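*Asks:* Each chain, written out:
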Amino acid sequence: MAEMTMIEAVRAALAFALEEDPDVIIFGEDVGIDGGVFRATEGLVQRFGPSRVRDTPLSETVIAGLAVGASAQGLRPVAEIQFMGFIYPAVDQLVCHAARMRNRTRGRLSCPMVLRAPFGGGIKAPEHHSESTEAMLAHVPGLRVVIPSSPARAYGLLLAAVRDPDPVIFLEPKRLYRATSEEVADNGEALPLDSAFVLREGADVTLVTWGAMVVETLEAARQLAEVEVSAEVIDLGTVKPYDRAAVRTSVEKTGRCVIVHEAPLTGGFGAEVAADLAETCLTSLLAPIRRVAGYDTVMPYLRLEDRYMPSTDRILDAVHYVLEFE
Amino acid sequence: MAEMTMIEAVRAALAFALEEDPDVIIFGEDVGIDGGVFRATEGLVQRFGPSRVRDTPLSETVIAGLAVGASAQGLRPVAEIQFMGFIYPAVDQLVCHAARMRNRTRGRLSCPMVLRAPFGGGIKAPEHHSESTEAMLAHVPGLRVVIPSSPARAYGLLLAAVRDPDPVIFLEPKRLYRATSEEVADNGEALPLDSAFVLREGADVTLVTWGAMVVETLEAARQLAEVEVSAEVIDLGTVKPYDRAAVRTSVEKTGRCVIVHEAPLTGGFGAEVAADLAETCLTSLLAPIRRVAGYDTVMPYLRLEDRYMPSTDRILDAVHYVLEFE
Amino acid sequence: MARTRQTRTTDPGAYLDAEGTLLRELPDFAKSRDTLVALYSAMVRCRTFDSKAVALQRTGRLGTYASSLGQEAVGVGVASAMAPTDVFLPSFREHGAQLIRGVTLEELFLFWGGDERGNDFSLPKRDFPVCIPVGTHFPHAAGAALALVHKGVPGVAVAVGGDGATSKGDFYEALNLVGAWNLPAVFVLNNNQWSISVRRQDQTAAQTLAQKAVACGLPGEQVDGNDVIAVREATERALERARSGQGGTLIECVTYRLGDHTTADDASRYRDDDEVSAQWKKEPLVRLRRHLTQVHGWSKADEEALLRTCREEVDQAAENYLATPPEPAGEMLANLFESLPRDLARQAEELGDG
Amino acid sequence: MARTRQTRTTDPGAYLDAEGTLLRELPDFAKSRDTLVALYSAMVRCRTFDSKAVALQRTGRLGTYASSLGQEAVGVGVASAMAPTDVFLPSFREHGAQLIRGVTLEELFLFWGGDERGNDFSLPKRDFPVCIPVGTHFPHAAGAALALVHKGVPGVAVAVGGDGATSKGDFYEALNLVGAWNLPAVFVLNNNQWSISVRRQDQTAAQTLAQKAVACGLPGEQVDGNDVIAVREATERALERARSGQGGTLIECVTYRLGDHTTADDASRYRDDDEVSAQWKKEPLVRLRRHLTQVHGWSKADEEALLRTCREEVDQAAENYLATPPEPAGEMLANLFESLPRDLARQAEELGDG
Ligand SMILES: Cc1ncc(C[n+]2csc(CCOP(=O)(O)OP(=O)(O)O)c2C)c(N)n1
Ligand SMILES: Cc1ncc(C[n+]2csc(CCOP(=O)(O)OP(=O)(O)O)c2C)c(N)n1
Ligand SMILES: [Mg+2]
Ligand SMILES: [Mg+2]
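Residue numbers (the UniProt record's numbering), protein chains in the order written: chain S, 1 to 326; chain V, 1 to 326; chain X, 1 to 354; chain B, 1 to 354.
Don't read these hints as lab results, they were simulated from the structure. As the structure is a prediction and not an experimental result, all values here were calculated from the model. One thing to keep in mind: the hints can contain errors.
Heads up, incomplete: computed chain V residues facing chain B, CB under 8 Å, no partners named [said to hold, decoys possible]:
no. : residue
1   : T56
2   : S59
3   : A67
4   : Q73
5   : G188
6   : E189
7   : P192
8   : G255
9   : H320
10  : Y321
For glycine and all other residues, C-beta sits at the position ideal for the given N, C-alpha and C.
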C-alpha cells in the first residue's frame with residue numbers, strides 16, 4: 001500500500017499494465033521523455049523503452065486510428081489525448097471503426113484499446129482545455145466510457161479498461177489529479193467496469209454523479225447530514241454502459257433523485273439517467289428529478305469558470321427542492 | 001404552389017436563398033455538376049455559376065472549417081456533408097469553432113453557416129450511410145440542430161436556417177426525400193426555428209418525435225384512433241434548442257408520453273425530452289415515459305436494417321403500455 | 001535510416017503498352033507464363049465478379065455496389081506481390097485484391113449484400129474489412145504496421161485508397177506517421193481519375209499524387225495502373241524496402257474508372273462518353289491477353305475455358321449467397337462487445353433470436 | 001493559372017547573419033532606417049509584453065501563457081508585410097503579429113487573463129482570435145480567402161502555425177484546398193524546432209516543412225525565421241502572388257523556441273541547456289540591433305528610450321487589465337447566440353447579471 005494521488009494511481013496502473021502484458025503499448029503527444037503534460041506517463045519511457053512508450057506527431061486522428069489498427073492486430077494500445085478538448089479529431093475513428101470493428105467483422109477482429117484523456121474544468125486552463133463531453137461518446141454504441149473519481153478507482157478501473165477486450169474511453173477528471181491522495185494497493189487488482197459505486201448510503205435522497213463532481217456532491221451530502229438529511233451518493237464510475245440497477249434500487253428506496261454533472265445540461269448524460277428513472281421508477285418517485293449541470297453554453301474562459309461549474313450550493317438548492325416538493 | 005417532394009423542397013429553398021442573398025454560397029462533395037448524390041443541388045451550378053456552387057475536394061474537415069472561415073468573414077455558406085455518417089471529421093470544427101466563434105469574440109465575429117446532411121436509415125444503403133447521431137451535436141452549446149419531416153417543413157426550416165445569424169446543422173431524413181410530395185409555396189417564407197409542430201391533436205397520449213420517425217408515429221396515431229385512442233403527435237422540428245413548452249403543455253394535458261427516435265436509445269435526444277418531463281411535469285404523469293428507439297448497437301448492414309428501425313408496432317406496444325399502466 | 005526523397009514525376013512506368021507491346025525488359029516474375037496466366041486469370045475473375053454483382057444489384061438482390069471495372073490491375077498487381085503474413089487494408093473497390101488474398105466470392109457477395117458475415121473472412125484472418133469511409137483506413141495501416149514490428153513479424157501493412165482519398169487528413173497524417181516512425185507500410189493510390197463526379201485535377205493541384213510523399217519524407221512513385229506487371233513490380237520493391245527496415249512507400253497507380261462510381265451513380269451526368277471510350281482502349285485485361293497470346297501461346301480455347309470457369313465459380317458463389325438466410329436479428333447486439341453487458345439484456349431479449 | 005512547384009531546400013535564406021552582417025543586398029524596404037526601426041521596435045515591444053505576461057502568470061495574475069521569446073521576427077515580419085484589408089489568423093504564439101495588426105496590449109492581457117473581451121478587438125475588426133487547437137485555423141484561412149474573393153476585396157488570408165501543426169490533417173486539407181481552388185491565402189510555419197517536447201525531426205521525416213507544399217501543388221519556401229527582413233520579404237512576395245491571382249504559398253520560418261512551451265511547461269525535462277544557449281546566439285533582436293547600430297547609427301540612448309517606452313506602455317496596459325473587473329456571469333450565455341433562445345431563459349435567470 002502506498003499513498004497516491006490520482007495521477008500517481010494512473011501512472012502505477014499504466015506501469016503495472018506495461019509490466020504484465022508485453023502487448024500493452026502507450027502512445028500520444030509528449031508521453032515520452034516529458035512524461036505527459038500531467039505526468040501520467042512520467043518515467044515510463046525510461047523504464048519500458050521507446051518501443052513501448054512513444055511520442056506521436058501532433059495528430060489526434062492518427063492517434064486514434066493507430067490505436068484501432070494496432071489493437072485490431074493484437075496489441076493493447078493505451079493512447080493519450082492530451083486534453084479532452086482535442087479529442088474531436090479522433091471521434092471519426094472512434095465512431096466509425098473502434099466502436100464497430102468487432103460487430104462489423106462478427107468478432108474476427110476487435111479493438112481492445114484504451115483512449116485516455118484528462119477532462120473537465122476547475123484548473124483555470126486555457127480555452128478548450130476544460131470541457132466535459134462524455135455524453136457525446138456515451139451515445140456511441142460499442143464504446144465504454146469510464147470515469148474514475150478517486151485514486152483507488154482510477155487504478156482499478158484503468159487496469160480493467162486495459163484488460164477489457166473492447167474499446168474504452170477513459171476520462172480522467174484533471175481537477176482531481178492532485179486534489180487528494182489515499183492508500184492504493186499496487187497489486188494489479190482491477191475494479192469491475194459497468195458497476196456503480198455507492199460512496200455513501202442514505203435514505204432520503206439519491207445523488208447520482210461521476211467524475212470531479214463527486215467532490216461537490218459528497219460535500220453536499222455531508223452538509224445535508226448536518227441537517228439530518230440522509231443522502232445516498234452514487235458514482236456511476238462507468239458511464240456507458242452504466243449500472244441502471246444500482247440507480248434504480250437506490251431511487252426506489254429514497255424516492256428522490258438529483259443528478260449532478262459538469263457538462264452542459266441539455267443532452268448531458270444526466271438526461272439518460274433521469275429518463276431511465278422516469279420509465280422504470282415512476283411510481284417510486286416522490287418528487288421531480290432535478291439535474292444540476294453546467295449551463296448550456298461554451299465553457300467560459302477562466303475568469304468566469306467558477307460561475308459555470310456546478311457548486312455545492314447549487315446541488316443543495318436542488319436537493320432542498322426535491323425534499324420539499326409536494 | 002407546386003407539388004414537391006422533400007428533396008425538391010430542399011432544392012427550391014437553396015435556389016431561393018442563392019437568389020435572394022449574394023453572400024449565400026454552396027459547397028460540398030459533388031454538389032456541382034452532379035447536383036449532389038441525392039440531387040439536392042441539381043441545376044444550381046448551371047443557374048448560379050461555379051463561384052456560388054462549388055465542388056470541394058473530399059475532405060469533411062475542410063468543408064466545415066471553410067464554412068467557419070467564410071461565414072466569419074461575411075458569407076453565408078450552406079455546406080453539404082454527403083452522408084451524416086461522414087460528418088465526424090467535421091465535428092472538431094463544429095464544436096471548437098462554429099459553435100463558439102460568437103461567444104468567444106463577444107459577438108465581433110460569428111458563423112452564420114448551415115451544414116446540411118442527409119441522415120437516417122431505411123434506404124438500404126451501405127455501412128455508415130444510415131446513422132442518426134443528432135444527439136451528439138445537440139449536446140454542443142452554440143449549435144442549432146434542425147430536422148424537417150415534410151417537404152413544406154424542409155422548405156421553411158431550411159430558409160430559416162440559412163437566414164439565421166448562427167450555425168445550424170440541418171439534418172435531412174433521406175428516407176423521406178422522395179417518400180411523398182405535397183403542395184409547397186415557393187415564396188421564400190421561412191418557418192420559425194425553435195418551435196415544435198403539433199402534427200395531430202389528441203387527448204390520451206403525447207407522441208414526441210422528429211425526422212423520418214414522424215411517418216411511423218403518425219401511422220401509430222392513425223391506428224390508435226381506430227381503437228378510440230386519441231394521440232397527440234409532436235414533431236420537434238428543431239431538436240436543439242427545442243420547444244420544451246410545447247411538449248410540456250401537451251403532456252400536462254394527456255398525462256402520458258411516448259418518445260420515438262431512430263437513433264440508439266442510450267443518450268439519444270429522447271432522454272433529454274424525458275428528463276425534462278420528469279423534472280417539470282411529474283405530477284401530471286399518469287404513466288412512465290417510454291422511449292421507442294433504435295437499439296444500442298451499430299446500425300446493421302441492410303439485411304437486418306428493418307429489424308433495427310423502430311416500427312409502428314413497437315410504438316403501439318409502448319403506447320399500450322403507458323395507456324394500461326396503473 | 002536512409003530517407004530517399006526522390007519522386008518520379010515522369011510518365012508512369014509501364015512494361016506493356018495498350019497494344020500489349022513490350023516497352024522494356026520484364027521483371028523476372030513476368031517472364032513466367034504461369035505467373036502471367038495467374039495474374040490474368042485473377043483479373044478476369046474479378047471482372048466476372050463485378051458484372052455479376054452489378055447484375056444482382058440491378059435486380060434488387062444486392063446492395064449498392066462499387067465496380068472495379070477497368071481497374072483490375074491495381075488490386076491484382078498489389079495483392080499478388082504480398083505475402084500471407086502481410087496485412088491488407090482495402091477501400092471499397094479492391095475486390096480483385098481481396099480475392100487474391102483469399103476472401104471468398106461468397107463472402108464478397110455477402111458483404112455487398114448487406115450481411116456482416118461477409119467480413120468474417122475464413123482465410124486472410126487478419127486482413128481488414130472493406131473501409132467505406134474514404135481514407136480512414138490509412139491510420140489503421142500504420143497501426144497494423146506497428147503491431148507487426150512489435151510482434152516481430154516480418155510483414156507489411158498495405159492499404160489501397162482512391163485519388164479522392166488523398167484529400168483526407170487521415171491519409172496525410174498516417175503517411176506522415178509512417179515516415180516519422182519508419183513503419184513497414186505501403187500506401188497504394190488507385191487513381192482512377194474520378195472521385196464520384198470530381199476530376200482528379202480538381203481534387204488537388206499536385207502534379208502527381210505520388211509527389212504527396214515528399215510532404216512526409218518518404219519515396220513516392222507513379223506507375224501505370226493498367227499494367228498489372230508494373231503494379232506488381234513496384235509493390236514488390238516497396239514491400240522489400242519495408243521488410244528490410246527502410247520504411248514506407250507511396251505508390252500511385254494511374255488508371256481509369258470505366259464504370260459508374262457505384263450502382264447508385266450515373267456517370268453520364270458529369271463526363272463524356274468520348275472520354276470513357278478513349279480509356280477503354282487502355283484497359284488492363286486486353287493488353288495482358290495480347291502479350292499472353294503473342295508470347296505465351298494463349299489460345300482462344302484457353303480464354304474460353306478461363307471465362308467459363310470464372311463464370312461457373314461466380315454463379316455458384318452467387319447462388320450460395322442468395323440461399324444464405326439472413327442472420328438472426330439478435331446478432332446485431334450479440335457482436336457489439338465480447339460479452340453482452342447487463343445493460344443490454346433487455347434490448348437483446350426484445351430483439352429475440354429470430 | 002500557372003503552378004510553380006519549386007521548393008527551396010537549401011539553407012534558409014537570410015539577409016543578416018547572427019552577427020548582423022549583411023549577407024546579400026537588402027530589399028528596398030530594408031534600406032529605410034524608419035522601417036527597420038519600426039520592425040525592431042515591434043520586436044522589442046513584443047518581447048517586453050512576453051516578459052510581463054510571464055511575470056504576471058508567475059504571480060497568479062494571468063492564465064497559462066505561451067511566450068514567443070526568440071521567435072519575434074516571425075510575427076513581426078509577417079504582419080508588417082500585411083495590409084489592413086488582409087485577414088490574420090494567429091496561433092497562440094503570434095503576439096508580435098497581433099500587436100502590429102492593431103490588437104491592443106490590454107486586449108492581449110485580457111485574453112491571456114481568461115476574459116473573452118480580449119478577443120473583441122477594437123481594431124483589426126475581421127482578424128480571427130487566437131486559435132488554441134493546433135492547426136484548426138488553416139481551414140478558416142481558406143474560408144476567409146474565399147470570402148475575400150467573393151466580396152471582391154483584394155485581401156489575403158494569412159495564417160501562422162507551428163511545426164507541430166504541420167502534422168494535423170487540417171493543415172494539409174486546407175493547403176490542398178488553397179492549391180486546388182487557387183485561393184489568396186498564405187500559410188506561415190513558425191518552425192521553432194519543438195512541439196512541446198517533440199523535436200521537429202520526430203514530427204515528420206520531411207527534410208523541410210516548406211516541401212510539404214509539393215503535396216498540394218503550390219510553392220513552398222524556407223526562410224531564416226530569425227531574420228525579420230527575410231520573413232517580411234518572403235511574406236511580401238507571397239502576398240503579391242496571392243493578390244495578383246496566382247494563389248497561395250507556404251512559408252517556413254526556421255527559428256527556435258528559447259523559452260518553455262508555456263508557463264505550464266518545464267523544458268529542462270526534455271532538452272539540454274547547451275542547445276538553448278547555442279540558439280541564444282542566433283536570436284532575432286540582436287542581429288537587427290547590430291545592423292541598426294552599424295549602419296543606421298542606432299545609439300545606446302535610442303535603445304534605452306525604446307526599452308523605456310515599451311516598458312511603460314506594457315506596464316500601463318497590465319494595470320488597466322488588472323483593474324478591469326470580470327464580466328457579469330450572464331455574458332457567458334448572452335453571447336452564445338445573437339439572441340437568447342427561449343429555452344435558455346431559465347438558465348440565464350439562474351446565472352443572473354452578477
Ligand atoms: C469520408 C467520406 N466522405 C464521403 C464519402 C462518400 N463517397 C464514397 S466514395 C467517394 C469518392 C471516392 O473517390 P476516390 O477516393 O477517388 O475513390 P474511387 O471511388 O474513385 O475509387 C465519396 C465522396 C465517403 N465514403 N467517405
Ligand atoms: C489539436 C491539439 N492537440 C494538442 C494540443 C496541446 N498543445 C498545445 S501547443 C502543442 C504543441 C504545438 O507545437 P507547434 O505547432 O510546434 O507550436 P509551438 O507551440 O511550438 O509554437 C500541443 C500539443 C492543442 N492545443 N491542440
Ligand atoms: Mg477515384
Ligand atoms: Mg513548434
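*Asks:* Now, for every hint given, state plainly whether the structure supports it.
*Replies:* So, going through the hints one by one against the coordinates:
1. T56: 7 Å, holds
2. S59: At 4 Å from the nearest chain B Cβ, S59 (chain V) passes the 8 Å test, so the hint holds.
3. A67: Result: holds, 7 Å to nearest chain B Cβ.
4. Q73: Given a least distance of 4 Å, the restraint on Q73 (chain V) holds.
5. G188: 21 Å, violated
6. E189: 20 Å, violated
7. P192: Hint on P192 (chain V): violated, closest Cβ of chain B at ~11 Å, above 8 Å.
8. G255: 23 Å, violated
9. H320: 32 Å, violated
10. Y321: Cβ of Y321 (chain V) sits 29 Å from chain B, so the hint is violated.
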